[in-house]
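Just so you know, the sequences run in chain order S and D. Using this note's numbering, the first residue of the first sequence is number 3, and each one after it goes up by one. Using this note's numbering, the first residue of the second sequence is number 168, and each one after it goes up by one.
Incorrect hints may appear among the rest.
[What the hints assert, rightly or not] Derived lysine to any residue pairs resembling SDA-like cross-links, with alpha carbons at most 25 Å apart: (1) K279(S) x R375(D); (2) K263(S) x L238(D); (3) K263(S) x L369(D); (4) K263(S) x H417(D); (5) K263(S) x A429(D); (6) K263(S) x P436(D); (7) K483(D) x P180(D); (8) K263(S) x R374(D); (9) K263(S) x A276(D); (10) K279(S) x L319(S); (11) K279(S) x L57(S); (12) K263(S) x R375(D); (13) K483(D) x A276(D); (14) K279(S) x R121(S); (15) K279(S) x G322(D); (16) K263(S) x C293(S); (17) K279(S) x I317(D); (18) K279(S) x L328(D); (19) K263(S) x T433(D); (20) K279(S) x R425(D); (21) K279(S) x G330(D); (22) K263(S) x S329(D); (23) K279(S) x D413(D); (24) K263(S) x H386(D); (25) K279(S) x G26(S); (26) K279(S) x R119(S); (27) K279(S) x A429(D); (28) K279(S) x R484(D); (29) K279(S) x P436(D); (30) K263(S) x N368(D); (31) K263(S) x P180(D).
No wet-lab data here; the hints were simulated from the structure.
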Amino acid sequence: MSEPLLDVAGLRVSFGTSLAAVRGVSLQVMRGETHCVVGESGCGKSVSALAIMNLLARRASRTADRLSFEGRDLLTMTDGAMSQLRGDRMAMIFQEPMTSLNPAYTVGSQMTEVLTRHRSVSRRAARDRAAELLARVGITAPGLRLAQFPHQLSGGLRQRVMIAMALMCDPQLLIADEPTTALDVTVQAQILRLLASLQRELGLAILLITHDLGIVARVASRVSVMYAGQIVEAASTAALFTAPKHPYTRGLLACVPVPGKVRRDQPLGMIRGVVPKIEPGFAGCAFRERCDYAMPECASEVPLQVAAAGHDYLCRLPADWGTRV
Amino acid sequence: MTAQPPYGGGSVPAIEVRNVRRVFHQRGKLLGPAREVIAVDDVSLSIPAGSVLGIVGESGCGKSTLARLILGLLPPSGGDVLVDGRRLAEMDRRQRARLIQPVFQDPFASLNPRHTIGDIVALPLMAQGRLPRDRIATEVNEMLARVGLIADVAGRLPHELSGGQRQRVAIARALILRPRIVICDEPTSSLDVSVQAQILNLLADLRRDLSLTYLFISHNLAVVEHVATDVAVMYLGRIVEQAPTDMLFHQPQHPYTRALLASVLTPEPGLGVPEVGLGDSMPDPANIPTGCRFHPRCPMAIQRCRSEAPIPRQGKRAMVECLLAEAPS
């Protein structure tokens with residue numbers, strides 16, 4: 003098997019002594035694949051992405067057993083080298099493009115800055131590259147858009163600009179944090195199709211962070227399900243949706259309304275209770291208070307079990323639970 | 168034009184909207200002329216008591232403006248809203264509050280951060296001025312229990328609660344006056360999917376137990392499919408299709424409805440992301456196209472659609488507004 007492009011093992015992030023946001027996350031992103039991290043708000047999925055990019059707030063502390071990208075160790079890399087890498091070999095796009103675009107500069111000047119910062123190219127050449135990429139992400143009249151300010155664009159156009167900007171230096175990895183959450187469903191479908199076609203053409207690897215299982219099913223090749231700072235299940239997309247193992251994954255899938263699946267007079271599936279507050283030193287399964295299958299042992303160590311090749315889950319239940327009569 | 172309500176049933180509809188229009192005047196750019204934004208353009212609909220009408224459409228289509236018109240929070244520029252057979256314009260605020268109540272998207276923005284949960288839920292009763300204080304406290308506690316909150320929540324402040332708990336508080340406040348109708352405007356859009364399921368199930372229980380009628384606005388078609396008995400699709404201020412939920416989901420007539428349905432990403436692996444086929448031009452309510460207002464994005468548009476505005480084709484249970492669609496059954 004080839005080397006993973008991004009290799010994360012035992013990633014931990016805590017904020018002070020009161021909050022353990024990420025508790026030992028391990029995942030690998032292969033070249034050209036889309037890996038989705040899915041979970042509900044506060045599960046640590048965005049913090050994990052920021053930790054990989056070394057973009058966490060100063061009061062956060064990050065440790066990991068391994069954090070490498072293209073075979074280079076990101077843990078020992080200097081801040082200067084890391085900021086050379088960001089925007090060049092690895093790029094990131096966020097949920098609300100309006101807050102990540104500078105309102106005081108034109109689209110053109112923000113896009114060209116990315117290239118002139120990382121490469122020794124003329125402004126003219128950078129501008130041509132920007133126009134070419136705007137056209138590539140489906141923006142008509144790129145010359146006009148380059149001269150416009152972010153507020154003059156619709157939400158869908160702004161997200162296309164963010165994607166084009168992320169591609170300026172031809173990155174290997176794109177980390178996309180809820181890139182379509184603020185958009186209408188029709189525009190969401192267009193943006194996701196765009197990402198998929200860019201991936202095919204450029205061989206781009208995408209780490210996509212989302213709360214939406216519908217998006218996961220449609221775009222991911224691999225999925226990591228996060229709950230309370232841990233990956234509780236990781237599998238190929240087909241395996242996760244056809245044979246989910248963790249009770250949390252099963253609960254989440256039952257919560258999603260799907261047209262024609264649940265009769266109108268029947269209730270949707272539910273996960274009772276709320277996510278517990280996780281302080282450093284928390285032991286056992288974080289889902290046990292909400293789980294219908296919890297056992298006393300769940301308060302101590304939880305084993306990581308293998309359901310099939312490439313399908314792991316963090317739970318005591320045997321791999322064939324729920325399928326036996 | 169007087170549009171017939173789609174139901175010919177005998178009893179008085181819970182809500183009847185007759186040719187309602189709402190225009191906003193937007194200040195022009197520096198030297199440009201002022202702009203007229205037609206947010207709701209001659210909309211008629213009727214919601215039978217006990218049913219749930221879902222309203223779907225993209226942002227800016229006028230669905231929230233329509234909700235505010237029906238709540239009486241915004242006066243219409245033309246037309247009439249009837250609630251329980253009576254003209255909204257002739258009721259005072261207290262009468263209106265006893266009949267119809269809202270639940271909004273973001274419970275944090277709609278709950279006063281300095282008031283305790285008990286005070287927030289009690290406020291509508293206090294404003295009515297009909298009950299003594301001790302009775303109000305009993306009613307509040309009963310209602311908090313009814314929406315699945317424990318009694319000691321009453322002494323807490325909104326920021327001490329989770330998003331799901333806050334939405335339960337908003338529901339308790341909406342129901343404390345025992346209204347007949349609840350307008351739910353994106354009630355679960357800011358919630359996580361597991362909490363969304365809890366709130367949707369709660370709303371379904373309450374509707375059954377308290378015989379409520381809902382107008383349910385959402386951009387999430389899968390949610391609407393689960394809760395609504397009928398669905399209206401809005402585009403640039405008009406209802407372009409309305410039908411019983413199963414009919415709309417199985418035999419959509421309007422090309423816009425079909426595009427919206429195509430864009431629903433169900434959690435089924437292997438299907439990929441569909442081509443929605445709407446093109447890139449975004450609708451602008453300040454600049455409504457001539458002819459059919461959907462024609463610039465319509466994959467089926469013909470020359471006629473550019474010049475001729477479609478009139479609603481009315482069936483017995485459904486309506487569609489498209490030159491190319493058959494009249495519904």
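How the hints compare with the structure:
no., hint, in the structure
1, K279(S) x R375(D), "violated (35 Å)"
2, K263(S) x L238(D), "violated (33 Å)"
3, K263(S) x L369(D), "holds (19 Å)"
4, K263(S) x H417(D), "holds (13 Å)"
5, K263(S) x A429(D), "holds (17 Å)"
6, K263(S) x P436(D), "holds (16 Å)"
7, K483(D) x P180(D), "holds (16 Å)"
8, K263(S) x R374(D), "holds (21 Å)"
9, K263(S) x A276(D), "violated (33 Å)"
10, K279(S) x L319(S), "holds (24 Å)"
11, K279(S) x L57(S), "holds (24 Å)"
12, K263(S) x R375(D), "holds (21 Å)"
13, K483(D) x A276(D), "violated (41 Å)"
14, K279(S) x R121(S), "violated (45 Å)"
15, K279(S) x G322(D), "holds (22 Å)"
16, K263(S) x C293(S), "holds (23 Å)"
17, K279(S) x I317(D), "holds (20 Å)"
18, K279(S) x L328(D), "holds (13 Å)"
19, K263(S) x T433(D), "holds (11 Å)"
20, K279(S) x R425(D), "violated (43 Å)"
21, K279(S) x G330(D), "holds (15 Å)"
22, K263(S) x S329(D), "violated (29 Å)"
23, K279(S) x D413(D), "violated (42 Å)"
24, K263(S) x H386(D), "holds (19 Å)"
25, K279(S) x G26(S), "holds (17 Å)"
26, K279(S) x R119(S), "violated (42 Å)"
27, K279(S) x A429(D), "violated (39 Å)"
28, K279(S) x R484(D), "violated (50 Å)"
29, K279(S) x P436(D), "violated (33 Å)"
30, K263(S) x N368(D), "holds (15 Å)"
31, K263(S) x P180(D), "violated (30 Å)"
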